[in-house]
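Undergrad: For the record, the sequence lines run as chains A and B.
Numbering (the working numbering) for the first sequence: 6 to 410.
Numbering (the working numbering) for the second sequence: 6 to 410.
Hints are computed from structural coordinates only; laboratory data are not their basis.
Check each hint, because a few of them may be wrong.
Each pair may be met inside one copy or between any two copies, as identical chains are not told apart.
What the hints assert, rightly or not - Cut-off 25 Å, straight-line C-alpha distance, at most; resulting in silico cross-link-like pairs (SDA-like, lysine to any residue):
#, residue 1, residue 2
1, K32, D119
2, K32, P64
3, K214, R272
4, K193, H39
5, K226, D119
6, K115, Q91
7, K196, R399
2 protein chains.
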Amino acid sequence: MARIVMKFGGTSVADLDRIRNVAARVKRVVDEGHEVAVVTSAMAGATNQLVAWCQELSPLYDAREYDTVVATGEQVTIGLLAVALQTIGVDARSWTGWQIPIRTDGQHGKARIDAIDGAELIRRMQMGQVPVIAGFQGIGPDNRVTTLGRGGSDTSAVAVAAAVKADRCDIYTDVDGVYTTDPRIVPKARKLPAIAYEEMLELASVGAKVLQTRSVELAMKERVRVQVLSSFTDAPGTLVVDEDEIVEQEIVAGIAYSRDEAKVTVRRVPDRPGVAASVFGPLAEAGINVDMIVQNVSADGTTDMTFTLNKTELPRARLVLDEKRDEIGFAELATDPDVAKISVVGVGMRSHAGVAGTMFRSLAARGINIQVISTSEIKVSVLIDAEYTELAVRALHTAYGLDVA
Amino acid sequence: MARIVMKFGGTSVADLDRIRNVAARVKRVVDEGHEVAVVTSAMAGATNQLVAWCQELSPLYDAREYDTVVATGEQVTIGLLAVALQTIGVDARSWTGWQIPIRTDGQHGKARIDAIDGAELIRRMQMGQVPVIAGFQGIGPDNRVTTLGRGGSDTSAVAVAAAVKADRCDIYTDVDGVYTTDPRIVPKARKLPAIAYEEMLELASVGAKVLQTRSVELAMKERVRVQVLSSFTDAPGTLVVDEDEIVEQEIVAGIAYSRDEAKVTVRRVPDRPGVAASVFGPLAEAGINVDMIVQNVSADGTTDMTFTLNKTELPRARLVLDEKRDEIGFAELATDPDVAKISVVGVGMRSHAGVAGTMFRSLAARGINIQVISTSEIKVSVLIDAEYTELAVRALHTAYGLDVA
């Protein structure tokens, strides 16, 4: 017997039939003798409608009123799911964020969970009752409803799992697990039985958006064992756990890619102390995040700086830098939106040399030029011409022995 | 400068354009220098959709979960209206039932308001802020959302008006006031500038459903001055107030009719003590309300009892009485659904004789047979054949001098 938090996203509760399916799935787990709490999103489309109404009334809507409106989506689902569960004989009771309460900070529209008192939920679960909890919402210090930002229900589920000391947090989605890479690009991609928190975070940050990043960070911090699995099949999913729990650890867990970045090169900047600050300071002040950075020294006392940022920020970044042109003293600003970032991720890299070398050789063998390189303890990323994305991902997937047998 | 509670029903906030109209109307009252609080219903249709979902999942849905689901309708409206008000420069803030809190008893789905703490609302209004309050909902002793039953937003508005000691509670509806009778039957019906609480109650109970009965009872108890007016025009409406406030009191305020009742006659019951109890006891136990009652004594030691009840209860009443036939000892059960109840209402009756006489003479002059008569201090009601309804209402409207000049 285990204590399990089951989380269902918007497509899993999109209409009454799907809500009934979710109820049946919860009942199966209850009937196996487990203690269960459920966290749900709003019915697919509901949140979009509520957001659209707020935006139509005022593009500069008050975030506190936005939260009041948008949080109703989950409140509808928890009530309906509780009724659906009761109808098939499962003792269930709905809980809004303010009822538990799920205390958050006061950043309306993108609040962070501060604390959840799990005592009453645990008491109910021990009695055999299934708490059905609204995801994505909490209550702020101002006694008003807060929402966690889009996709926040994953974070709610992990936070609830930590609060009730659950053995596992099962996140039901429209994919059936985490793969070694995008199966649309590599048909031989394998579903991973398990992946370490750190790997999941690196994969999420480079585009494999199975779980919201914040939920993985929280799971890692609170040591919540997470399982990603499909709400439409019964296959086991992927466990996201501490790396110590993964018995047969591969050196490389997966290959990720992102086409969301653009490359900026500031040419012929005077090569003197403080020049990096003069370039990146104004960008940071404008709230523009910079990702990969390289600097080449040239012979004539100038240097070229290359970096990447989110493609959508490119026009704004260009404005900011052009304004500071004289101050920074660069000769030319070159930008290239047609780039892709390819990353090899795996906690095994910490103890195995040669991972980066394999990557560079594989890409060179296919004539793919590497424009920028950046590395972390468990990741090697390269920036390449976007048109080589699929070729690169497939080559690396094979090179690291990830192809399905 | 006055303190005013403005209440808007579902048709007044049916879409974003109408919500903007409501905001503009609130702004006009604020700009006149008044302190304003707003109470709103859900967008027209929203509540029906939410109720339908609950019913489709389970006709025997848990009322606590029903309340959780259905109360979201008003929560959406208050957030949107607060945004619409802010957009045109009115300081506004939404309030759900649990935030104020509006404390109710624990009868989920049909709760009654126990107490509202108006202190914080008054403080905000004095600061110039407009509280936008969800009607129809509160919070029960179990810390769960309760709803007041359909139409409960009128009651919410009156209760809020009492709690903030408002000078007036303006109820915006799709009619522009209370008329001397139904203008669809009598084109010469007049809009009343004012009507006494007791008169409004009697009119509501016989089918003139401008305000929810419970809201009028509460207004009378708390001495809240209510105004019924149209949300689509700027004409003044009808004040519902203490009779002492009405200067030019007519003897008869209005003529009401109801086709919702059916007549039941229990023939040849033994005429002995306790026989009324033997008939009406079982009906009361079955939750069936009986309205008008007459008893005729016949010569042979038996009596006929005639009474009316809501037409929808007729089949159930017949079942209940047939079951008790031997016990009661009646010979025959006759029912007639084709009846109408016509009522003449006015607090002036207390001090003026002859009101009933005028009624009987007018009906007799048109050959309309009276089947049952019942009277209260401020009302005379008669049951007649339904096909004479319009004729009777028009005749009485003229007889009491209510026709527009």
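Undergrad: If the cut is 25 Å between Cα atoms, do K214 and R272 qualify within a copy, between copies, both or neither?
TA: Close neither inside one copy (34 Å) nor across copies (78 Å); limit 25 Å.
Undergrad: Is the C-alpha distance from K193 to H39 at most 25 Å within one copy, between copies, in both cases, or in neither?
TA: Classified as neither: same-chain Cα gap 35 Å, cross-chain 71 Å, threshold 25 Å.
Undergrad: Which holds for K32 with D119 at a C-alpha limit of 25 Å: within a copy, between copies, both or neither?
TA: neither (31 Å within a copy, 38 Å between copies)
Undergrad: Can you tell me if K226 and D119 fall within 25 Å by alpha carbon in one copy, between copies, both or neither?
TA: The answer is within: 13 Å in one copy meets 25 Å, while 45 Å across copies does not.
Undergrad: My question is about K196 and R399: at a cut-off of 25 Å on alpha-carbon distance, are they close within one copy, between copies, both, or neither?
TA: Within one copy only: 16 Å inside a chain, 80 Å across chains, cut-off 25 Å.
Undergrad: Between the shortest in-copy and the shortest cross-copy C-alpha distance, which are at most 25 Å for K32 and P64: within, between, both, or neither?
TA: between (43 Å within a copy, 20 Å between copies)
Undergrad: Given a CA cutoff of 25 Å, do K115 and Q91 count as a within-copy pair, a between-copy pair, both, or neither?
TA: between (33 Å within a copy, 21 Å between copies)
In terms of the numbered hints stated before, the structure departs from hints 1, 3, 4, listed from lowest to highest.
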